[in-house]
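Undergrad: Please put together the full structure from these sequences, using the hints given.
Residue numbers (the UniProt record's numbering), protein chains in the order written: chain A, 1 to 357; chain B, 1 to 295; chain C, 1 to 272.
Keep in mind the hints are simulated off the structure, nothing from the lab. Just so it is clear, the structure is predicted and the values come from calculations on it, not from any experiment. Hints may contain errors.
Said to hold, decoys possible - Label pairs and their in silico Cβ distance ranges:
id, chain 1, residue 1, chain 2, residue 2, range
1, B, I115, A, Q160, 45 to 51 Å
2, B, S163, C, L180, 29 to 35 Å
3, B, V155, C, K64, 37 to 43 Å
4, C, G84, B, R83, 17 to 23 Å
Virtual Cβ for every residue (Gly too), placed ideally from N, Cα, C.
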Amino acid sequence: MFYRLSGIHHTNYVSDTRLYKIPADRNLALFLLALGLAAPFLVGSLYLNSYMLPWLVWTAAALGLNLVTGWAGQLHLGYAAVMAVGAYSAVHAAKYGLPWEFALLIGGISAAVIGSLFAFAALRVKGLYLALTTLAMQFVMDWVLTHSPAISGGSHASLQAPTFALLGQRITSDTGLYYVAFGWCLLVTIFMLNLRRTGLGRALVAVREKDYAAAILGVNSFYYKIVAFATSSFIAGVSGAILVATFFFLAAPEQFSVAVSIQVLAMVIVGGLGSIIGTYFGVALILLVPGVVNGLVAEGAGALGLQLNVESLAHIPNAVYGALIIIILMIEPLGLGKLYGNIRDYLRVWPFDQFKK
Amino acid sequence: MELVFLAELAANGALTGLLYSLFAIGLVLIYKASSVPNLAQGGLTMVGAYIVLALARDIGLPLWVAIPLAAVVMFGFGMGIERVALRRLAGRPIVMILMMTLGIDIFLRGTTLAIWGGTSRSVELGVGYDPLFIGDVLISRIHLVGAAVALLLFVVFVLFFRSRLGIRLRAIADDYMASWSVGISVERGVGLSWGLASIVAVAAGVIWGEIQGVDQSLSLLLLKGLTVAVLGGLDSIFGAVLAGLILGILENVGSTYLDPFVGGGSRDLIVAAVLILTVMLRPHGLFGRQDIERV
Amino acid sequence: MTQAPDKEATNILSMNSVEVLYDNVMLAIKGVSIQVPKGGMVALLGSNGAGKSTTLKAISGLLKAERGRVSRGEISFDGTVITGLPAQRRVEMGICHVIEGRRVFEHLTPDENLEAAAPLSMNRATLKTEKQRIYEYFPRLAERKNSQAGYLSGGEQQMLAIGRALMTQPRLLMLDEPSLGLAPFLVAEIFSIIKKINKEEKLSVLLVEQNALAALEIVSDGYLIENGRVVMHDTAQALKANSDIQEFYLGGGSGTNFHDIKHYSRRKRWLS
Numbered sequence: 001m002f003y004r005l006s007g008i009h010h011t012n013y014v015s016d017t018r019l020y021k022i023p024a025d026r027n028l029a030l031f032l033l034a035l036g037l038a039a040p041f042l043v044g045s046l047y048l049n050s051y052m053l054p055w056l057v058w059t060a061a062a063l064g065l066n067l068v069t070g071w072a073g074q075l076h077l078g079y080a081a082v083m084a085v086g087a088y089s090a091v092h093a094a095k096y097g098l099p100w101e102f103a104l105l106i107g108g109i110s111a112a113v114i115g116s117l118f119a120f121a122a123l124r125v126k127g128l129y130l131a132l133t134t135l136a137m138q139f140v141m142d143w144v145l146t147h148s149p150a151i152s153g154g155s156h157a158s159l160q161a162p163t164f165a166l167l168g169q170r171i172t173s174d175t176g177l178y179y180v181a182f183g184w185c186l187l188v189t190i191f192m193l194n195l196r197r198t199g200l201g202r203a204l205v206a207v208r209e210k211d212y213a214a215a216i217l218g219v220n221s222f223y224y225k226i227v228a229f230a231t232s233s234f235i236a237g238v239s240g241a242i243l244v245a246t247f248f249f250l251a252a253p254e255q256f257s258v259a260v261s262i263q264v265l266a267m268v269i270v271g272g273l274g275s276i277i278g279t280y281f282g283v284a285l286i287l288l289v290p291g292v293v294n295g296l297v298a299e300g301a302g303a304l305g306l307q308l309n310v311e312s313l314a315h316i317p318n319a320v321y322g323a324l325i326i327i328i329l330m331i332e333p334l335g336l337g338k339l340y341g342n343i344r345d346y347l348r349v350w351p352f353d354q355f356k357k
Numbered sequence: 001m002e003l004v005f006l007a008e009l010a011a012n013g014a015l016t017g018l019l020y021s022l023f024a025i026g027l028v029l030i031y032k033a034s035s036v037p038n039l040a041q042g043g044l045t046m047v048g049a050y051i052v053l054a055l056a057r058d059i060g061l062p063l064w065v066a067i068p069l070a071a072v073v074m075f076g077f078g079m080g081i082e083r084v085a086l087r088r089l090a091g092r093p094i095v096m097i098l099m100m101t102l103g104i105d106i107f108l109r110g111t112t113l114a115i116w117g118g119t120s121r122s123v124e125l126g127v128g129y130d131p132l133f134i135g136d137v138l139i140s141r142i143h144l145v146g147a148a149v150a151l152l153l154f155v156v157f158v159l160f161f162r163s164r165l166g167i168r169l170r171a172i173a174d175d176y177m178a179s180w181s182v183g184i185s186v187e188r189g190v191g192l193s194w195g196l197a198s199i200v201a202v203a204a205g206v207i208w209g210e211i212q213g214v215d216q217s218l219s220l221l222l223l224k225g226l227t228v229a230v231l232g233g234l235d236s237i238f239g240a241v242l243a244g245l246i247l248g249i250l251e252n253v254g255s256t257y258l259d260p261f262v263g264g265g266s267r268d269l270i271v272a273a274v275l276i277l278t279v280m281l282r283p284h285g286l287f288g289r290q291d292i293e294r295v
Numbered sequence: 001m002t003q004a005p006d007k008e009a010t011n012i013l014s015m016n017s018v019e020v021l022y023d024n025v026m027l028a029i030k031g032v033s034i035q036v037p038k039g040g041m042v043a044l045l046g047s048n049g050a051g052k053s054t055t056l057k058a059i060s061g062l063l064k065a066e067r068g069r070v071s072r073g074e075i076s077f078d079g080t081v082i083t084g085l086p087a088q089r090r091v092e093m094g095i096c097h098v099i100e101g102r103r104v105f106e107h108l109t110p111d112e113n114l115e116a117a118a119p120l121s122m123n124r125a126t127l128k129t130e131k132q133r134i135y136e137y138f139p140r141l142a143e144r145k146n147s148q149a150g151y152l153s154g155g156e157q158q159m160l161a162i163g164r165a166l167m168t169q170p171r172l173l174m175l176d177e178p179s180l181g182l183a184p185f186l187v188a189e190i191f192s193i194i195k196k197i198n199k200e201e202k203l204s205v206l207l208v209e210q211n212a213l214a215a216l217e218i219v220s221d222g223y224l225i226e227n228g229r230v231v232m233h234d235t236a237q238a239l240k241a242n243s244d245i246q247e248f249y250l251g252g253g254s255g256t257n258f259h260d261i262k263h264y265s266r267r268k269r270w271l272s
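TA: This is how it looks when you write it as structure tokens:
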């Protein structure tokens, strides 16, 4: 009905390794792409700036974490620290007078270098112990950030980002900044979509499933772990830099604290490990829903004539955020991506599968 | 530096360290029974302290009623968390289990603060604040009380794990399938460990709440508790006590000497460094058991 | 719980055309029917992956831990239908399953292993005499009762696993491959102890073995399972005399060559 499909008929390898095996999927992706491009003309600038833009940048960042956690199976609780490295290096480079293109690149590369340090922990331990090590490394990075004024920008510990510019054009309009975020997110998405079709992607999955079984099969798991961490750190670094350049406009340590690391991991897991479309859903849910619910609670309380104190209202988003993680993991541990997949599989041959039984 | 000062640092560090152990024992109990690293222990500690406060302040019960009552409530609460949230994740990848406990932690923190507000309150245990001198060494009374509670709990749990129920819990920790095969209810055992850990959380919450006030900062104990638990070996209660002592002394003495060089706040750095070094050099900690992975 | 027909009263266990599904899709056994007489000893023979362990898990209720379930058929123990009961309840009723691979509690001592398996309702005095009883059957365990179970030898671990099962006061003992990876003299020792327990305590035993030769020496009846179905059921004597059994499971027989075996297997598969 929707997918117009009655079985998958591949007659050659080229068609089997196509990005979208089903035409309907490709059309859906193209539709979403068009929607993303048209967004500035469809929604108001408030929504564009405070919802769409952070959603896209965080999605790009979360995809990077999904690369290392979902694909390569390496737990990472220090992702925000890597983002911070990228953000701070890029802002410092831009302040120094370098054009933003190079500043972003420098941010990405320095994040990749520092982020690879996390990989050395991954070479030694895995699972829970890796999670704890990366968590500790996050604390160390936080500490370095807050205790070195040269990096964090003096006594106020905040660093003003210079006006964003690409190709010599200063970008200050909401629409312009949105397209920067959109472009970066698109780039990362295309990279991730194609990753699973490459040898690198398959090697990462092999390392995730059982690293030294993969090693026995001739996959150099050390090498691939470092590649995974470096690539994901690069994405983290650029995402962090873009986040500061287009959304926060100044860099502060608490933007990249341990709570943020946990938040990005929550986005990835709620979205679904190894799922790209799921990551979009996960980020939307974790980033946007708590605020929306809080608004509803405030309104509902107002309508019922209840007095909620300001402090309670301030903490409700956190409670909702935690509850979302718990509920999604209870319903489907593989996340929203899996739920989407279930619905898609159900609809794929609908209504004809009714006759199967 | 003079010797008395060093002794004082070490003694107070050791006492603080035992308070970390108090927190870490909760982690160890759950890890021992189900290999679940409970990152929600900080949240549980907060809830425990807030419930004691609610019973003592808001309802007006005397503390000696409020604390045991809170322990009972929390026992049920901990078992409930295991039943509702963790049991269905058994056998799933560790990342999901970690995320679940983190989600619970965030939820508990958000909810308690939304209900009771974030203003720091004290439990008012009635332990004096006037300094106590042992020889020339100055010691905080409340730390001494807390350390005593930690040691008491340690003894209680060591005895418990020798009892028949305790042996069953250890059996569960060893092998789920074999436990089922001889009629041990693994589910109930794991639930029990959560209940016990929640009681430990009440004890930790009350003591820490007395020291630094009952507020959000209670959940920040998690990193120190985790470090102690990992250094001790994650599944060894004795390890947790010893590691607490080590970390406490190291942190107190180390930060005093280090702070002038780095401009303060080196405590967290020392803790993080100990955690990283432990995992890198000796992942199974001082007394943890080493499991062999097979291809 | 319904009462099963009277004719089964002489059987402590009876399984009627039981099917087991794993993950709701994989059919592991396809209609297995087995009877174990009271106080009797029955062997379940078959090659790897034939469905022997699954059959035992269906009886002990451990299937659930591996996401399997009984999708058809009925299992009754001593006249009571137990198909849907949880594993713990079945142990209380008197079914104990010694799982494959000597899974003792490695970080506990043998003494603690035995205590862990004893029902909590058992009082201290009984516990002590029960442990004593086990140590009498397995004197080797008594010698090492305070060392860590993980460091016992393979044979000792198997003895401990059986002893641990006996602590649950079973009326039906199910053993999954007790001979796995053990030296022949140890196999003989363990089997003779099992036989002795069976005789002295009137304990019914269901034994799963690949080592058919040793198993058929001590049991009265045998079932042969292939591809999830019972393909043969007879007395131990008759089974030992059967030429097919000799050829495929006892390693004897005459005129066997590899080509014939392959041919035979292929034919069997078409038929089943």
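Undergrad: Take the hints in turn and mark each one as holding or not.
TA: Now for the hints, and whether the structure bears them out:
Checked against the given bound of 45 to 51 Å, the beta carbons of B:I115 and A:Q160, roughly 39 Å apart, lie outside it. For the pair B:S163 and C:L180, the beta carbons lie near 34 Å from each other, so the given range of 29 to 35 Å is met. Range check, B:V155 to C:K64: Cβ separation about 38 Å, and the 37 to 43 Å hint holds. One distance hint, 17 to 23 Å for the beta-carbon pair C:G84 and B:R83, holds here, with the actual separation near 21 Å.
Taken one by one, the earlier hints fail for this structure only at number 1.
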